[in-house]
Amino acid sequence: MAGERSFFGPVDPAADAGYDEDHPKRKGFFTDTSICIGCKACEVACKEWNDVPATHFDMLGSSYDNSFSLNANQWRHVAFIEQAKPMGEQESGLRRQAVALGMPTMGPPGSVPPEPGEDDAVDRPDFRWLMSSDVCKHCTHAACLDVCPTGSLFRTEFGTVVVQDDICNGCGYCVPACPYGVIERRKGPEGAKNVGIAQKCTLCYDRLGAGSTPACAQACPTQSIQFGDVEELRERANARVEQLHEAGIMDARLYGNDPEDGVGGTGAFFLLLDEPEVYGFPPDPVVTTKDLPHMYKRAGAAALTLLAGAALAFVGGRR
Amino acid sequence: MGIGDGLSKTFLSWPVVRQLTGPDPLGRGPAARSRHTEELTARTETADRVARSVCPYCAVGCGQRVYVKDEQVVQIEGDPDSPVSRGRLCPKGSASKNLVTSSLRETKVRYRRPYGTEWEDLELDVAMEMIADRVVKARNDSWQDLDDDKTVRRTLGIASLGGATLDNEENYLIKKLFTAMGAIQIENQARI
Amino acid sequence: MVPEATFTSYYGRAIVKPSPWEADIPTYLFAGGVAAGSSLIAAGADLTGRPILRRSGRLAAIAALTVSMVALVHDLGRPERFLNMLRVAKATSPMSVGTWILSSYGPFAGAVAATEVVSMLPSRLRVGPLRLARLVDRPAGLLAALLAPPVAAYTAVLLSDTATPSWHAAYRELPFVFVGSAAAASAGLGLVAAPVHETGPVRRLALGGAVLELVMEHRMERTMGITAEPLHQGTAGRLMRAAKVLTAAGGAASLFAGRSRTAAVVSGVALLAGSACTRFGVFEAGQESAKDPKYTVVPQRERLERGEPVRFRERSGSPAPSPTDPVTGDRSGDHRPAADT
Amino acid sequence: MAEAHPVGFQWVMEAKARGARVIHVDPRFTRTSALADTFVPLRVGTDIAFLGGVINYVLQNELDFREYVVAYTNAAVIVSEDFQDTDDLDGLFSGFDPETRTYDPTSWQYEGSETSEDGGGDQDHVLQRETASGLQHETHGAGVTSDPPRDETLQHPRCVYQILKRHFARYTPELVSQTCGVSTEAFLEVARAFAENSGRERTTALVYSVGWTQHSVGVQYIRTGAILQLLLGNMGRPGGGIMALRGHASIQGSTDIPTLFNLLPGYLPMPTAGKDDSLDEWLDGISHPGSKGYWANARAYGVSLLKAYWGDAATPENDFCFDYLPKITGDHGTYRTVLDMIDGKVKGYFLLGQNPAVGSAHGKAQRLGMANLDFMVVRDLFEIESASFWKSSPEVETGEIVPEECRTEVFLMPAASHVEKEGTFTQTHRMLQWREKAVEPPGDCRSELWFFYHLGRMIRERLAGSTEDRDRPLLDLAWDYPMVGETDDPDAEAVLMEINGFDVATRRPLSSFTEMKEDGSTIGGCWIYTGVFKDGVNQAARRKPGSEQSYVAPEWGWAWPANRRTLYNRASADPEGRPWSERKAYVWWDAERGEAGEWTGHDVPDFEVTKAPSYRAPEGSDGVAAIEGVDPFIMQGDGKGSLYVPKGLIDGPLPTHYEPVESPFPNPIYAQQANPTRKEYARSSNRLNPSPPEAHAEVFPYVFTTSRLTEHHTAGGMSRYVARLAELQPEMFVEVSPELAAERGLENGGWCHVVTARAAVEGRVLVTDRLSPLRVEGRTVHQVWLPYHWGTGGMVTGDSANDLFGIALDPNVLIQESKVGTCDVLPGRRPTGPDLLAFVAGYQRRSGVHDDHVRPIVTAGPGAGMLHSGDETPDPTGGS
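Protein chains in written order, with our numbering: chain D, 1 to 319; chain Y, 1 to 192; chain F, 1 to 341; chain C, 1 to 880.
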């Protein structure tokens, strides 16, 4: 049942949306990017199950990311980040290069003969390759759902946020509402299903109903994507961060796991190894409807101003 | 009566009414659910049968479950029972349904006649007869009983490449037939 | 100005998505404003005996409303499902709220436009039920006028209730900018349509609307921080500059509109154009702010650097804030920076 | 591994989570490196130097698992005093004949067996090279003396251990660093980790992908790994071993039941004319009478196969139709065959789920070969490049193939997919897994089983009544299988039953190859697969959930031989039969079990179950009886792991570092530059880039290598035609380091082209820190990486990286060197049409690989500088 925290703050979203006491536990994803191998099985498994069309056939030149972003035709998106930073204790091997052997140069034309001290130049900074599979966050306070004027977007009994394809009329309001840029109106390709309506991850709502694991999590070879009860996943995530810290990977941090954050915590949350924006996440997202009551107040005041102004214009004109 | 009932049912199922009368005044949850949503079922649940299979790509040998509905493959996913893969699949394995149901698949024999510039259609049985004729002829034309006085009983006129993507039973028959035929340049990816 | 911000992003790609809306939506914002203002003017004219102003107001309102509805439906990905808007009534959705406001306002605006048309018919044709038109004429007009201000104001919430940086950050002032713009535009239309002797009130409304719009827009930009930038750049920048010039000029010209029909027309046209530019400019600026990750990252990052992330804090000792106002900004520790998006 | 075998990589991640340390050695930083604890980049083609360095580290510091080494390997065996090592001969072993570029291995033999019957004297290395005899050793070593002289103290200067120590002494950390471009510090870190994580309590696993085999010294790469793992006691033990990650669903199966020219099922060799002219000669050549081990029963395996092939027609009187087997006379490998196609010697070509126009080295030679046939049958799911070479290959653009002038008749026969037929795959773990048929194949799509059965039937119908001797093998063929399904498919289970074998009289399925008979009373199509139908049950179809059985999961599928999951697992116990440690217990001797004790454990013991550790072979015994209780390597002629290989390898008894065939560097160790015994087809259509000591190597200053991407599958036939995969990696690209990009003016996202003496291939540029220049032999070398998945067909097209390679083969198995070559890299797109030919010709001219150019292959010893034009005559068509 709706209550004081319906717009902000920790809450059980399914209960808040009116599901009765015995609704299932909230389901979600814990994506541990520290073990992601960037294989994109999640992208493919998702598209196969959900019949999401393939549309993007251009190489982007951004490491191995050719999927660009989460969008109507990409409900999972694997980010690839090549960085001049060390990965904890990992020996990338790319830092320490040449050992000066003091041997005479015999470089063939075409290769630059090493100058004195070039060994230092070859000694590059350290390196790591981060990969991370992004997905709809299934926010506790979901702006897309709140702004949807048709009730197409709804909260399921699992606490997830799902578009009802038969209802959505493609108003597009959910698109700018999402603080993560997840949901999008499907533009094409021609002949694909659901063109013109909003599309995003459903956390495989149909599979959940059948007691199955969402397609992406089932496929994930290294269990970087873990599916389960959010509460349990949060504990698992905390333990994992601790473990990584002990292993010297001090960069490890969780993103979206805090029920007190700007969106009330997310159903799909992440273990990251750098700042969120490095992966294309907003660093401190806030659900826009948190401010909605205030907005309504301002709009009410503005409306009254207009009414009063008009009245004054006519009344004052009596002179 | 019937109409009245229908109307009242329709009215009562109007989400606005459900919002006003139920536990979901904001219209976020139960009140907003559509009939289609209520009827949603995973197609793995409605499949007619499930075949236990193995991924056709690399040599890890991940288990697959192939769901069939109305004689069409409707889903292929990892088999959680497999001790090899524990239900997981890589992007290629995950694309298996796309592989077997791809619209680019050839389902008709295609024929290119000598010096031809385009594909032509050919009936399967005709193609088989033509191939059998050509094999017999090529074998006869290139038959070799002796090589430098040594008995060889073979043909060097027929070669084959492939097998690493095929079944053991298929490789067995391929090797058996070609060997009986005297064809020896039978090779596959293991040489490459 | 805000100094050039340094920030990190993923290959410079956008974080939030721009709305999929195109010119339909700013057209709708503009036309909705004109409709609302015109209904107010028509009601005022009706009450104060300005028949031409009344007529032009009523007809302008229904025309603008029609334009806005067409634009709204056209913008849908599935126009045939327009009626699904009435499936639910969602207080959390400004678009749903707007739909219901329009659904309430529309029939009255339509009815009063119909009675106006009936009144224009030769009396021999005003037969049967048409004769009843007189009975509903004024009540319908007044109800339309009462429902009109929300029509003009809600569109600001529509834009602000998003993660689009330059829209959300503007949420305090944008309703005032939009009602000012609506007043100026509809008054401008009145100036064009009605004879000078009937335009006294609309001249005042024009001036008031223009001043309100300009003042609040200025204030808005000052509170938006870095997200004000898009209002000054590119197409949006040009539109906003044009809007200011046109609105200021229109407002100034309205001072002479009582004396000169030409001045009235110039003022009216300038105000209409200014209002349109404001709507298109604000719209465009928001779209641009969504495409550049800077406007999403920088304000949030600054918040974090200050050690003031947006976090829910239970008010100590006091159980709950008022149910009608669960989240407004007076909670301790609930930081509300100028540009939280 | 994460890159090409992601699901297998889950077990690496699991191990890592439990504390294992993951080290990745690769020319470039890959998805695997990203998750490894340590990444070591090295120069392509220097793996023997690297691992040789680790071996040296182990030996110099005496870190080997001595008890294991003495008991289970041939470390103690004394080698002939005639043996001379590469150190003595500047890169050659004793016995080298510069004329034929092969060795007489007599001097490599164990002491006392130089002149014995199974010594080196009868070995013909020229023939063995031609017939890729190394492949026969997939299951076993070449026959060696079972009882050579030993020095268990390992002090004898000519014992294997001491030879090994001397041989690898050159591979110092400094040499490794200089050769591989690896810092001594990084190298030592790996060496230490290897040694510290091996022994009684710990094991180290060595994992390679089959790029390792695609070198002119590929077999010796793997030998180096094997030596190291034997020294450290990591073979036959849990968590140890050498794991080959193979790349195709049934590539292991198609090696076991080979579609390979030199093998018959179960690694029985194809008979060679002049050597195997009778059944006895053929079988004795396999069983090496007098040797230890299971090959002693080769007669039963061979006869059962002949019975499976020719059924009732095969009788003891006619030597079981042995004469029906065609004889090989040398190299009939795929590359030899392709060159023969170019020369017009081949009439018909079948392509079965394989796309050599993209996937084989020297794509141009492949396509020109196809264009010069009478007919070609392509069986595939899609219209792959090899089917449409006559209209869309790059040679059509350059004018080298003119459709109107190309006579090859092409049949593109649509194939059934893996869900449209039933049968077994054998994957990289030697496990057979049965697939159920889900649906009927669409339209004209048919399985290979259907195609070949019916093709055979139709051919036999055409020959019926023939009195030609040559047609007897076809007419007498046992070609009678029950039909199933709507399309009349032969019953795959019946075929599997034939493979398994059964008693002819009772048709009782055999449960083990030990039940096979020499008298023709059993049939069996592949002896190592016997047992897959044990008890009449299709064991490959077993699917007991992994969660309901032990971690070895013996009840899922069936692994050959005899459902053993880890080969040679007797070595997981000490000589007395006790586990080396409780932590690493796997298979052990339980004296309480059975009548007089039995081997038991988590896996099926790879040993006679009742043979006690204390068993010693009676004097004069051979075969299985000669295997003693402490001989875990039961397929080897001496029951021991071979640190040193006196027989069976063409290029030497020990691995030694040779430069790749194309290298910008002289061999830093020896005057012998590259593998002197390699197979090279020197002809104008197979130009190889010059390497030291030849001049003009500088024309191709960079080193390139290729490999797979996770998103695609080999030649792209199963991925570029699949939208979901095509979109993930939609364009051909070339990875370069920022340093090389700066040197050559390459821009990320822009175009570049890579040039060799064969071709120029273009792709988009991906500038990445994952590649870095290395310091080798005192100078900087840039390495370039290309994926090889693209061609002209499919949803996403691009140039094919394999076009860049020439053909040079490992002498043992005739696999091509297609993981390393030299090249030039230029910005922008390559020329097109005839200009492309002129462009490549310009490079050939400048690098001196002109028309009658012949490379010096032997660069050390008396034959140095000798030209080997005799290896191949210039092809008549002139080629490129």
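Everything labelled a hint here was simulated from the structure, so no lab data went into it.
No residue lacks a Cβ here, since even glycine has one placed at the ideal position from N, Cα and C.
Incorrect hints may have been included.
[Claimed, not checked] Covered by chain C, according to a simulated footprint, are these stretches of chain D (three or more residues, beta-carbon under 8 Å):
#1 25-38
#2 211-223
[Unchecked claim] In silico lysine-lysine, DSS-like type, Cα no more than 27 Å apart, as pairs:
#3 Lys584(C) / Lys137(Y)
#4 Lys137(Y) / Lys150(Y)
#5 Lys544(C) / Lys584(C)
#6 Lys544(C) / Lys517(C)
#7 Lys584(C) / Lys517(C)
#8 Lys108(Y) / Lys69(Y)
#9 Lys69(Y) / Lys391(C)
#10 Lys85(D) / Lys534(C)
#11 Lys150(Y) / Lys345(C)
#12 Lys291(F) / Lys187(D)
#13 Lys291(F) / Lys244(F)
#14 Lys16(C) / Lys584(C)
#15 Lys193(D) / Lys69(Y)
#16 Lys108(Y) / Lys137(Y)
#17 Lys108(Y) / Lys517(C)
#18 Lys544(C) / Lys534(C)
#19 Lys517(C) / Lys275(C)
#20 Lys150(Y) / Lys275(C)
#21 Lys345(C) / Lys275(C)
Against the 27 Å threshold, does the CA-CA distance of Lys108(Y) and Lys69(Y) hold or violate the hint?
OK: Lys108(Y) and Lys69(Y) at ~23 Å, within 27 Å.
Regarding the pair Lys345(C) and Lys275(C), is the alpha-carbon distance no greater than 27 Å?
25 Å, holds
Tell me if the straight-line CA distance from Lys69(Y) to Lys391(C) falls inside 27 Å.
39 Å, violated
For the pair supplied as a hint, Lys150(Y) and Lys345(C), is the alpha-carbon distance within the 27 Å limit?
Holds, because 20 Å separates the two Cα atoms, which is no more than 27 Å.
Does Lys193(D) pair with Lys69(Y) here, judged by a C-alpha cut-off of 27 Å?
Measuring from Cα to Cα gives roughly 20 Å; hence the hint holds.
Hinted pair Lys291(F) and Lys187(D), Cα distance within 27 Å
18 Å, holds
Tell me if the straight-line CA distance from Lys584(C) to Lys137(Y) falls inside 27 Å.
60 Å, violated
Hey, Lys85(D) versus Lys534(C), does the alpha-carbon distance stay inside 27 Å?
Given pair Lys85(D), Lys534(C) is violated - Cα atoms ~56 Å apart, limit 27 Å.
Taking 27 Å as the top limit, are the C-alpha atoms of Lys137(Y) and Lys150(Y) close enough?
24 Å, holds
Does Lys517(C) lie within 27 Å of Lys544(C) when you go C-alpha to C-alpha?
Status violated; Cα separation ~33 Å.
Are the Cα positions of Lys544(C) and Lys584(C) separated by 27 Å at most?
25 Å, holds
Pair hint Lys108(Y) and Lys517(C), alpha-carbon separation not exceeding 27 Å:
46 Å, violated
In this structure, the hints that do not hold are numbers 3, 6, 7, 9, 10, 17, in rising order.
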